[in-house]
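Student: Respectively, the protein sequence lines represent chains S, W, L and Y. Using the working numbering, read the first sequence as starting at 4 and increasing by one per residue. Using the working numbering, read the second sequence as starting at 4 and increasing by one per residue. Using the working numbering, read the third sequence as starting at 4 and increasing by one per residue. Using the working numbering, read the fourth sequence as starting at 4 and increasing by one per residue.
Check before you lean on any hint, since a few could be wrong.
Any copy, or any two copies together, can satisfy a pair, since identical chains are not distinguished.
[Stated by the list, open to error] In silico DSBU-like cross-links for lysine-lysine, where the CA-CA straight-line distance does not exceed 35 Å:
| no. | residue 1 | residue 2 |
| --- | --- | --- |
| 1 | K96 | K41 |
| 2 | K191 | K114 |
| 3 | K96 | K7 |
Just so you know, the hints here were simulated from the structure itself, not pulled from any lab data. Source: prediction; values computed, not measured.
4 protein chains.
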Amino acid sequence: MSHKIAILGASGYTGAELVRLIATHPGMQIVALSADRKAGQSMGAVFPHLRHLDLLELVTIDQIDFGGVDLVFCALPHATSQEVIRELPKTVKIVDLSADFRLRDAAAYEKWYGKPHAAPEQQAEAVYGLTEFYRDEIRAARLVAGTGCNAATGQFALRPLIAAGVIDLDEIVIDLKTGVSGAGRSLKENLLHAELSEGTHAYSAGGTHRHLAEFDQEFSAVAGRPVQVQFTPHLLPANRGILATVYVRGSAETVHETLRAAYADEPFLEVLPFGELPSTRHVRGSNFCHLGVVGDRIAGRAVVVAALDNLTKGSSGQALQNANLMLGNAETEGLMLAPVFP
Amino acid sequence: MSHKIAILGASGYTGAELVRLIATHPGMQIVALSADRKAGQSMGAVFPHLRHLDLLELVTIDQIDFGGVDLVFCALPHATSQEVIRELPKTVKIVDLSADFRLRDAAAYEKWYGKPHAAPEQQAEAVYGLTEFYRDEIRAARLVAGTGCNAATGQFALRPLIAAGVIDLDEIVIDLKTGVSGAGRSLKENLLHAELSEGTHAYSAGGTHRHLAEFDQEFSAVAGRPVQVQFTPHLLPANRGILATVYVRGSAETVHETLRAAYADEPFLEVLPFGELPSTRHVRGSNFCHLGVVGDRIAGRAVVVAALDNLTKGSSGQALQNANLMLGNAETEGLMLAPVFP
Amino acid sequence: MSHKIAILGASGYTGAELVRLIATHPGMQIVALSADRKAGQSMGAVFPHLRHLDLLELVTIDQIDFGGVDLVFCALPHATSQEVIRELPKTVKIVDLSADFRLRDAAAYEKWYGKPHAAPEQQAEAVYGLTEFYRDEIRAARLVAGTGCNAATGQFALRPLIAAGVIDLDEIVIDLKTGVSGAGRSLKENLLHAELSEGTHAYSAGGTHRHLAEFDQEFSAVAGRPVQVQFTPHLLPANRGILATVYVRGSAETVHETLRAAYADEPFLEVLPFGELPSTRHVRGSNFCHLGVVGDRIAGRAVVVAALDNLTKGSSGQALQNANLMLGNAETEGLMLAPVFP
Amino acid sequence: MSHKIAILGASGYTGAELVRLIATHPGMQIVALSADRKAGQSMGAVFPHLRHLDLLELVTIDQIDFGGVDLVFCALPHATSQEVIRELPKTVKIVDLSADFRLRDAAAYEKWYGKPHAAPEQQAEAVYGLTEFYRDEIRAARLVAGTGCNAATGQFALRPLIAAGVIDLDEIVIDLKTGVSGAGRSLKENLLHAELSEGTHAYSAGGTHRHLAEFDQEFSAVAGRPVQVQFTPHLLPANRGILATVYVRGSAETVHETLRAAYADEPFLEVLPFGELPSTRHVRGSNFCHLGVVGDRIAGRAVVVAALDNLTKGSSGQALQNANLMLGNAETEGLMLAPVFP
């Protein structure tokens, strides 16, 4: 049986990534694709890499009949998403890929995003979409909030360690490197090829990046007390990939063993042998996350490195994984594509 | 039913690409992976992007029991391949990805490769593996010779035009741009990142590139008289992708219509609307080839541009497409993966 | 003695490149930098790589007192440039980097740029700025029109051959690959890193690129009869560099010898030994153009390859070379910087 | 007056970078270039970007008459360098770019490099070449040891802070990202374009990178007590550039003010306004180092980011800066080239 899927915001990179993945998913059928500014165009014109698929023309959201839709992927910009989701029929399941429903606390949302939430009722209902840690809630949810791609990477490295109490909660530094597709397809001078290739820089440093809101919420919940991490993202001259280098205090061997045990049965989380570290190149285009741990010459310190593809495991792959759970599919269905290297 | 597959030369890029594709192929099971210099290592150590697969350890070729093998992909270097294939049991089907069996004429082989062929019997038996043009022969073949990746790209642009007699056979120029993975994983100064990124240059210019031997053989056979093209390859600072810009003389509209008609039923060949041109970015990681045609302001001239991924449609994807035919699978099985963009 | 220089349009890449070069030029002093939309900002904020220089704040053009200015570099967008230059005092020398004054014929301008020229008087006065071929006129000129960067590259490969009558004028194909900085710092989706890296495509194919107007004008003038070339530009995933692969009919040895002789005394044009071909990587950041010639296996055909940096020799370096002549400096002053490799 | 210069190991990237810089240096003349394996070749064949220079043929070291040489740049591999320098005449000044003379302590050398030093007498004589902090010693030295490129970057960020006592010496983390040219022109699988482009990974993590020996030596000397930092280098898909993200404990404002004051008169060290962070793209090809400081939301923490070009300020530019001092030139002579962007 094939579930009927609508994708809102299909002209962005996460929308296209959803279409790419669903193209070979045996149990999903795309019945609507929306893109406000590009409505009327074919998806193949907007994304020529999808031209071999027999896709529908892009429409505006109000042209969609949600009556026949089982699940909506909402890949709209932040703030727009809450306006749209508020109005969707209650019968439709939703995976939102924006930041709008990630924070459970209305005050936290307002603090980090600068204005009150426009859909507080749906905010209260939403389940945080980090699949490996919210499986039961996601299965039962109507609305799942996809995580930030950086937030997902950092959590894969840290959640089991915080839960097990094997690291110092006040001494966590996440130095993160991310590919440019995470910034989307928007027209900004600092996203031009000539501005980005052949170099790197830090941005949103000093505790200002919004994904910190997710780290705060989730790590504090796991720890049972407030946890604040230090977080510095850097832009990488690559399209896809996030590498989080996480500095922790604790026994490196215990850290490694804790992650290994936590993820032993996870289909997408690969913990490397102790002392080996991952590369973003080896997860490109896939739903896998590779994790490595190394000790330091200074006793009691360890480095955990996590690598994933921001568009797949960090966003659209995660969304599909969640949708599989919500629709009763096998969790890995359509997601076992091997990484593309080189 | 699952066919049993061996891959010889699994530590190179085309070997890894075969494993990537077979990983989600429903009807194939890898039973042996060889790599002489890296024998004893795990495939996940040699190619960490494949570490999630439950792969066998790399072995030497003489450690393989070919009795239980249905089909061998031979991804060995040129010259080595003929030595190995000569000794394989006659009961096993073979898709060779090297240059060793592409030329039907022993003299042509000796001319372009500088020494006599070591397996003339197998050379005589081999079928040229350009699937779309040799389907019946491939279905019946025991040994199929994968084409050169550049040779495939040029032929997709030109074969229907030569066959239909709509272009001037003496006025064909192929200006080709190729990604670096086509040169393999060999240790050469000119393949270092610092030597290749951020620029381009022509190489093997002036009629010296060995893929010209394939162009000569195939175009002459199609035309029924000798055809020689001019061919200049350039190295692109990208890992994957070939773009062939082909200059022809003839009516651009007729050229476009000829290609469109020839490929109307082909699952992997996409002819764009007249006047639109393809990009290598839109076929990356996939088995698709995109083709475009544009006329010139000088009457009677046209440009055909063909784009494909050298490791997939240009090599390992083509090999799998051929293997599907040889094993009685659907031709597209395991090959409908959508391109990875961005 | 130091000449006083103003740069209009200093917030674009060619403006910044001018500042970079003048920074170590012993005989020039920047006295004004304009940028309409970014007026009021410091140059170091707009281009942090120039922050070590003691540069003036960006102003609007009407804030500049041209009385104390010896020479203006006008790096404004096409069409804007003619409006501005029309109003500049006649006492000031001008090197324009836009397309506005490249065409001597008013009808040709209107045909290629779609509207009548707004400064016909200045158009008549302007000298075409391909230094090596217009030295005397440039020395005497008040207004010099910088060439198109692609147009410069193609002309370096072809002008001596056309002048010497050693190639067939009706059989010239220029297949050109260019880095992305040639498209400027404008906000276009197709200039984003995620859209451009890791691949290539042709654009403005079929005789529609405006630099063809320059080829037509110049080649016809050299030949003494109309000459039309075929020209296909491709976008390269690199910031700087143009490689023109030029297909000609004639004796390859004669072609090589003709170029060698023509450029024997040129400080910036390097003709490689016969059979060697250049790379864009080896001219990066410099004012040099490397040229190579190779014959083809088909008798009577040759390939000329020319490589230069579009922002330096193709634009701002050329502009400075012209300014040196106009101001009575040594032509090479400030321009002998060696290429940056790797 | 022009000093006579020999460059040993001219076929590597640091050797070529020295030639590039000296090409426009008014007071130096290259009289010998050595490259053992490539002796007999022209420098223009080995590095075509230098072909416009009238350079000498590459020779072996024993072919050089050091009698007429004022200063030798030794760009040989580690371990080889000490064997060669031991035998050079005492009359010649030497700037060594290898790791061989960076460590003052023979035991530290043996610990980090795995064998006893072969030139202990010269080791004792050598001055550590971090120009801004050893000017007087360098002016008087016969043998100067160029610093590690990573070591230089980290020290620019940290030395003034350690000297001023404004940060916690036990809580320093250096997360560093470096371009690939730092690894040299050696033939290693992990330096191939296809292995490195489009991604990142950490290497030599956990306190094993040899540049830690320099950090230990220098920071401990400045602090007057043992200091150990945590250091994780990452490989960046870019040819040039190092970005060091340094996590420290202390007042961010004090940290910024300390750096600003320390470098106020330095010609190559640019401290950005508080809160702004540098990019490697803005120092490419130049001898500048840009530094930025930002506070963190967690009180008492700051991040210092330093960016430089590993081949210029991190290696050959630093070497030339030191040579200028040793020869009595102005320190900045030949080094004020502006960065190349984009």
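Student: Take the hints in turn and mark each one as holding or not.
Tutor: Status of each hint after checking the structure:
1. For the homomeric pair K96 and K41, the shortest alpha-carbon distance inside one copy (25 Å) is at most 35 Å, but the shortest distance between copies (47 Å) is not.
2. In this assembly of identical chains, K191 and K114 lie within 35 Å of each other by CA distance both inside one copy and across copies; the values are 25 Å within and 33 Å between.
3. Proximity of K96 and K7 under a CA criterion of 35 Å is satisfied intra-copy only: 11 Å inside one chain copy versus 42 Å between copies.
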